[in-house]
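**Student:** Residue strings, one per chain:
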Amino acid sequence: MTDLTASAPPSTEKKKPGLAGILFAGFWVVVFASLAYYLAASWNSDLFARYGLPYLEGLWVTVSLVVSSFVCGAILSVPIAFGRMAESRTARVPSFLFVYFFRGTPLIAQIFLVYYGFGEFRGFLDSIGLWWFFREAWFCALFTIALNSAAYQAEILRGAIESVPKGQWEGGRSLGISRSVIFSRIVLPQAMIVALRPYANELILLIKGSAIVAIITVYDLFGITRQAYARTFDFQTYVWAAVLYLVVVEILRRLTNFAEARVTRHMQR
Amino acid sequence: MLKILTSTLVSTTLLAAVPALAQESDADKDWSNIVVGTEGAYPPFNFLDASGELQGFDVDIARALCNEMGVECSFVTQEWDGMIPALQNGNFDLIVASMSITPEREEQIDFTNKYYNTPPAVAVLKDSDITDATEEALSGKTIGAQVSTTHARAAEEYFPDAEVRQYPSAEEYKLDIESGRVDAVLDDVVVLDQWLKSEAGACCKLLGTLPAEEQIYGEGIGIGLRKDNEKLQGMVNEAIAAIREDGTYEEIQSKYFDFDVYGE
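Which chain is which? The protein sequence lines are A and B, in order. Just so we're aligned, residue 1 is where the first sequence starts under full-length UniProt numbering, counting upward by one. Just so we're aligned, residue 1 is where the second sequence starts under full-length UniProt numbering, counting upward by one.
It is possible that part of the hints are untrue.
According to the in silico footprint, chain A covers these stretches of chain B (three or more CB under 8 Å from chain A) [claimed, not checked]:
(1) 178-185
(2) 193-205
(3) 241-253
Distance condition first, Cα-Cα at most 20 Å in a straight line; then the derived SDA-like pairs of lysine to any residue [stated by the list, open to error]:
(4) 126/B <-> 123/A
(5) 227/B <-> 30/B
(6) 141/B <-> 133/A
I should point out that these hints are in silico values taken from the structure, not numbers from a laboratory. Each residue gets a CB set at the ideal place from its N, CA and C atoms; glycine is no exception.
Next comes chain A alone, as it looks inside the complex (with noise of 0.2 Å):
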């Protein structure tokens, strides 16, 4: 297990800051300090009774829609992730294609396309029986944005499940322990503590991207900001949404370190 305390968190010892950090921090205080300033001095309690509702629905909206996409993604993403893997053609061609065209192609561009494009052919939707499914504006964005995060999450199991050295695989053999059980109690877990961090990167990036679900008249967070803004004219409602999803990204963050420390508490000192 070498291996392992050679990707160990580097050192976090502190070193003092230079002149550059010091502007460079600085530049933020202010920029920070005068958001702050900024809210405060135009708070105004007429937008914060009539938005304040709205927004926290679109905020679950957001977190709903990219929660279940996530999820449809990392289960899609298994086989995918398997497919490029293995050792046949026949597997392993489509889950490439599949992959190159979602990692290849805007969110935007496939959400319109699943919404839009889909819409021209109701009537074969209709006769399969699909149609319900694709009439809803909430489960095209459901369907794009799993299919989407699915391509990713692939490429993230893959690259992790193969930076697992060989040896790990050997070792297990050796030692008779069946493939299945190498995979799941040996090979993964490595593999999940290279993994945590894109996952959470991936998560972060899909709430900022899923903003462009109103588009299709999904009203998440950004959808409820924009009626604001047409509303009151008042930049404020871009502000707060900016607020709101820079706390949920940074409860995120919190917990994949968390969960980082969980996953490697065999190799802290």
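Keeping the supplied structure of chain A fixed, place chain B upon it in accordance with the hints.
**Tutor:** Chain B only, in chain A's frame:
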């Protein structure tokens, strides 16, 4: 500590200097060059033709006004719901994009006098079971409209028991009524009429026009400009009066419509 203080001061000064440099006062400009902002996705008022050129009633009116004022005009297209901030940021000087003069918008920008005023209307699928454009008939139905427009607002106020879905531009709600995701759409009667006459509008029919309530629709469609810009506002108002007077307006109108769109 001193270092932090100094750097804070430096960054604040830098931040404060940026907007000051960017803004040249509107009052000092001679307005020999004007940039006009429009959407380019709202036929027949403003749209991009097959070769990507801006066309439409708004565009022709803007050209006629520039001609009348004797100024050079150039056009830029801008997504509808960023129109007002883009004007305020100075990306262009005039909004000529079929924008209603509403009290909410007037808190942000100024408007010229109206240059047209047409009522809203409702369209439905040809085989729809909706027979009237009334609150009862549309209760429980889904209505599509363009986001951040007076029409989206009207859909909510006129039909409180209907679900209103808001689309980025007119193109999208047209697709969605055709696929049956919405039961009805609400927009300017001229916009709907033009679409229904075209091949793309073969799915649907006009259900009826609605009254344009003043608290939603204001006093008509005007040209938007930044606040405290009386000089340009005066120039454009004079030009509107002049093209109304000398027949240019009628000439442009007859190119697109066979009825009066100015109102009154």
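**Student:** Now, for every hint given, state plainly whether the structure supports it.
**Tutor:** Hints and how they fare:
no.: 1; hint: 178-185; result: holds (count 4)
no.: 2; hint: 193-205; result: violated (count 0)
no.: 3; hint: 241-253; result: violated (count 0)
no.: 4; hint: 126/B <-> 123/A; result: holds (16 Å)
no.: 5; hint: 227/B <-> 30/B; result: holds (17 Å)
no.: 6; hint: 141/B <-> 133/A; result: holds (19 Å)
Checked against the numbered hints above, the structure breaks hints 2, 3 and satisfies the rest.
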